[in-house]
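J.: With the hints as extra help, turn the sequences into a complete structure.
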Amino acid sequence: MTTTPTTQSVQLTVNGVARSGETENRKTLVDFLRDDLELTGTHVGCEHGVCGACTILLDGEPVRSCLMLAVQANGRSLETIEGLGSPDDLSPLQQAFRESHGFQCGFCTPGFVMTTVALLRENPDPSEAEIRHCLSGNLCRCTGYQSIVEGVKSAALALQAGENR
Amino acid sequence: MKLPPFEYRTPETVEETVELLGEFGDEAKILAGGQSLIPLLAMRLSRPAVVIDINNVNELNTISNGSGLSIGALTRHRTAERSALVQSSAPMLVAALGYVGHDAIRTRGTIGGSVAHADPAAELPTVLTALGGSVSATSARGTRSIAADDFFEGFLSTSLADDELLTAIQLPPRPDRSGWSFNEFSRRSGDFALVGVAVSIELDESGTVVDARIAMSGVAGEPTRAIEAETALRGNPAGPESFATAAAAAAAEINPSADLHGTTAYRKHLAGILVRKGLNEACDRAKGTR
Ligand SMILES: Cc1cc2nc3c(=O)[nH]c(=O)nc-3n(C[C@H](O)[C@H](O)[C@H](O)COP(=O)(O)OP(=O)(O)OC[C@H]3O[C@@H](n4cnc5c(N)ncnc54)[C@H](O)[C@@H]3O)c2cc1C
Ligand code: FES
Ligand code: FES
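If you're matching them up, the sequences are chains L and F in order.
Under this note's numbering, the first residue of the first sequence is numbered 1, with each subsequent residue one higher.
Under this note's numbering, the first residue of the second sequence is numbered 1001, with each subsequent residue one higher.
It is worth saying that the hints were derived from the structure and are not from the lab.
For glycine and all other residues, C-beta sits at the position ideal for the given N, C-alpha and C.
Some clues are possibly wrong.
Claimed, not checked - Here are the simulated SDA-like pairs of lysine to any residue, each with C-alpha atoms no more than 20 angstroms apart in a straight line:
| id | chain 1 | residue 1 | chain 2 | residue 2 |
| --- | --- | --- | --- | --- |
| 1 | F | K1002 | L | V50 |
| 2 | F | K1002 | L | D36 |
| 3 | F | K1277 | F | G1221 |
| 4 | F | K1277 | F | G1239 |
| 5 | L | K27 | F | P1039 |
| 6 | F | K1029 | L | K153 |
| 7 | F | K1277 | F | Y1099 |
| 8 | F | K1002 | L | Q8 |
| 9 | F | K1002 | F | N1056 |
| 10 | F | K1277 | F | A1248 |
| 11 | L | K27 | F | G1207 |
| 12 | L | K27 | F | D1259 |
| 13 | F | K1268 | F | E1253 |
| 14 | F | K1029 | L | L39 |
| 15 | L | K27 | L | F103 |
| 16 | F | K1002 | L | T6 |
| 17 | L | K27 | F | K1268 |
| 18 | L | K27 | F | D1053 |
| 19 | L | K27 | F | A1248 |
| 20 | F | K1029 | L | T6 |
| 21 | L | K153 | L | P126 |
| 22 | L | K27 | F | K1002 |
| 23 | F | K1002 | L | L39 |
| 24 | F | K1002 | L | P5 |
Stated by the list, open to error - The following residues of chain L were derived to be distant from chain F, with all beta-carbon distances above 12 angstroms:
| id | residue |
| --- | --- |
| 25 | V14 |
| 26 | L37 |
| 27 | L39 |
| 28 | G52 |
| 29 | E82 |
| 30 | P87 |
| 31 | Q104 |
| 32 | S154 |
| 33 | L159 |
Unchecked claim - Chain L regions said to be covered by chain F (calculated; three or more residues, Cβ under 8 angstroms):
| id | segment |
| --- | --- |
| 34 | 60-71 |
| 35 | 89-100 |
T.: What follows is the structure, encoded as structure tokens:
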């Protein structure tokens, strides 16, 4: 049996910056982001696709980064929570989450925020039902969800009012 | 958990893929969207020696319409949902895809993966069965077509051989005066259904049922045709009376096993409700009133 190398080099763009690394074939993308690229904003909860904490954007579309191999991201463009605002300069969406108390412990927050980024790009004026349907793939143990839904609603309003980012 | 180690291959053509499948057989697993396989690896329920990633096999990424609709195995759920061709030729499939997981799952999940995985509660095997579709399977030995009714063989099992790749699914053209519906019940949005029902019905000018196919998910190890219900409908006028008879027949002819999420009696009840609702919707569509 011919064997293939167990590690490979990966070159990708993360939040507009070219990054690269050497990774084991079996390493998931979320572990590569966190351990190799030291982008620990993306959280990892269940490791089997159910909680949504690891949600990032792959070429603009939401994906579970725990359900992809790092090597599969070669040549692709990713967006993670680090690509939004900074602590002193939150994005309108982050600001809206903060003002509505859309998080408590914050574990689930990066996944909710990135899921919402994708939602609002595709549908800038979602109904409450559409917001709830979209967020139903993300779990939060703290907030009871109401404040998250409120945060998404006020973010949509802020973005429509022109606070583009 | 972290994934177990495996040898990783990335073929670029169907020919290369089936060559690898021929070489490694049941030692190998195809990796398509990964939305079922990666969880299985993470939970160490599957430990293949070789993972054959087909994400670079571009020829599997096609949607075409000839005598019926053909969708390449690697077509993502989201791509199929957004395709104007799929929307016009197979609206039942689009409706059913709306129930599959969440956006982030459907960005990666593939049509071929959902059919090959054959989860008894999954939507796509049920749709394929209700529409009388088929799959194309290719190995180094050649290509064959397998009807949906012969493809699913119980819990996560299909008639695909170890060396075969599912390359596409085919859905027959929709006859005139035909209608469809897809309904399911789950505890939370995006969850696998407790029971799902796909209905395809064909009427004549007078409103008599020429043909009906009803497929249910979640009631057995594989998508299950409601044969008694279909027979009760054929040749009878479409309407509340025949639909009630068919719904009762469908609930009577299944024996779903009980689990944490629902008893046998509850699932039978749900199946009856969803069959009647689905027949009404499909009939309205066949008559153009919906
Ligand atoms: C949180 C969550 C919720 C979900 N909810 C639903 C749901 O409600 N309904 C639903 O139907 N599914 C659901 N899924 C599963 C999802 O739809 C999967 O994408 C799908 O079942 C498998 O498709 P895949 O392309 O990801 O296949 P993979 O995970 O890559 O493969 C699955 C299996 O099929 C085999 N396989 C894949 N492609 C081929 C091929 N072309 N030829 C031969 N064998 C092949 C693989 O070897 C593997 O054994 C959910 C998944 C998650 C993580
Ligand atoms: S860690 Fe990826 S979905 Fe839970
Ligand atoms: S804020 Fe704690 S899990 Fe959501």
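J.: Next, verify each hint and record whether it holds.
T.: To see whether the hints hold, each was checked on the structure:
For a cut-off of 20 angstroms, the pair hint linking K1002/F to V50/L stands: about 16 angstroms separates their Cα positions. A threshold of 20 angstroms between alpha carbons decides the hint, and for K1002/F with D36/L the separation of about 15 angstroms falls inside it, so the pair holds. Restraint check: the Cα-Cα separation between K1277/F and G1221/F comes to about 23 angstroms, which exceeds 20 angstroms; the hinted pair is violated. Distance check on the hinted pair: K1277/F and G1239/F sit about 12 angstroms apart at the alpha-carbon level, within 20 angstroms; holds.
Between K27/L and P1039/F the CA atoms are separated by roughly 13 angstroms; this keeps the pair inside 20 angstroms, and the hint holds. For a cut-off of 20 angstroms, the pair hint linking K1029/F to K153/L is broken: about 43 angstroms separates their Cα positions. For the given pair, K1277/F sits about 17 angstroms from Y1099/F by alpha-carbon distance, which is consistent with the 20 angstroms threshold. Taking the CA atoms of K1002/F and Q8/L, the gap is about 18 angstroms. The hint holds against a cut of 20 angstroms.
The straight-line distance between the Cα atoms of K1002/F and N1056/F is roughly 24 angstroms, outside the 20 angstroms bound, and the hint therefore fails. Of the supplied pair hints, the one linking K1277/F and A1248/F holds, its CA atoms being roughly 12 angstroms apart against a limit of 20 angstroms. Among the hinted pairs, K27/L with G1207/F is inconsistent with the structure: their alpha-carbon atoms are about 58 angstroms apart, more than 20 angstroms. Only pairs whose Cα atoms come within 20 angstroms are accepted, and K27/L paired with D1259/F is rejected, the gap being roughly 34 angstroms.
The suggested pairing of K1268/F with E1253/F holds, with an alpha-carbon distance near 9 angstroms, which does not exceed 20 angstroms. As the CA atoms of K1029/F and L39/L are separated by approximately 31 angstroms, the hinted pair breaks the 20 angstroms bound. Between K27/L and F103/L the alpha-carbon distance is near 29 angstroms, which puts this suggested pair outside the 20 angstroms criterion. A distance of roughly 15 angstroms separates the Cα atoms of K1002/F and T6/L; the hinted pair therefore holds under the 20 angstroms criterion.
Of the pairs offered as hints, the one joining K27/L and K1268/F is violated, with about 43 angstroms between alpha carbons and a cut-off of 20 angstroms exceeded. Between K27/L and D1053/F the CA atoms are separated by roughly 14 angstroms; this keeps the pair inside 20 angstroms, and the hint holds. A threshold of 20 angstroms between alpha carbons decides the hint, and for K27/L with A1248/F the separation of about 51 angstroms lies outside it, so the pair is violated. Distance restraint check for K1029/F and T6/L: the Cα-Cα separation of roughly 17 angstroms lies within the 20 angstroms cut-off, and the hinted pair is therefore satisfied.
With a CA separation close to 8 angstroms, the supplied pair K153/L and P126/L stays within the 20 angstroms bound. About 8 angstroms separates the Cα atoms of K27/L and K1002/F, which keeps this hinted pair within 20 angstroms; it holds. Pair hint K1002/F plus L39/L holds up; C-alpha atoms about 19 angstroms apart against a cutoff of 20 angstroms. A C-alpha spacing of about 19 angstroms is found between K1002/F and P5/L, which places the hinted pair at or below 20 angstroms, so the restraint holds.
In this structure V14/L is separated from chain F by more than 12 angstroms, as the shortest Cβ-Cβ distance comes to about 18 angstroms. For L37/L, the condition that its CB be more than 12 angstroms from all CB atoms of chain F holds, with the nearest at approximately 17 angstroms. At roughly 18 angstroms from the closest C-beta of chain F, the C-beta of L39/L stays outside 12 angstroms, upholding its exclusion from the interface. The beta carbon of G52/L sits about 7 angstroms from the closest Cβ of chain F, which is not more than 12 angstroms, so the claim that it is off the interface is violated.
For E82/L, the requirement that its beta carbon stay farther than 12 angstroms from each beta carbon of chain F is met, with the minimum near 18 angstroms. In this structure P87/L is separated from chain F by more than 12 angstroms, as the shortest Cβ-Cβ distance comes to about 26 angstroms. Look at Q104/L: its CB is around 21 angstroms from the nearest CB on chain F, clear of 12 angstroms, so calling it non-interface holds up. The Cβ of S154/L sits about 22 angstroms from the closest Cβ of chain F, beyond the 12 angstroms cut-off, so the non-interface label holds.
Taking the minimum C-beta to C-beta distance to chain F, about 19 angstroms, the non-interface status of L159/L holds against the 12 angstroms cut. Against chain F, the segment 60-71 of chain L contributes 9 residues with a C-beta closer than 8 angstroms to a partner C-beta. That satisfies the three-residue criterion, and the hint holds. Taking a C-beta to C-beta cut-off of 8 angstroms, the segment 89-100 of chain L contributes 0 residues in contact with chain F, too few for the three needed, and the coverage statement is violated.
In summary, the structure is inconsistent with hints 3, 6, 9, 11, 12, 14, 15, 17, 19, 28 and 35 from the numbered list given earlier, while agreeing with the others.
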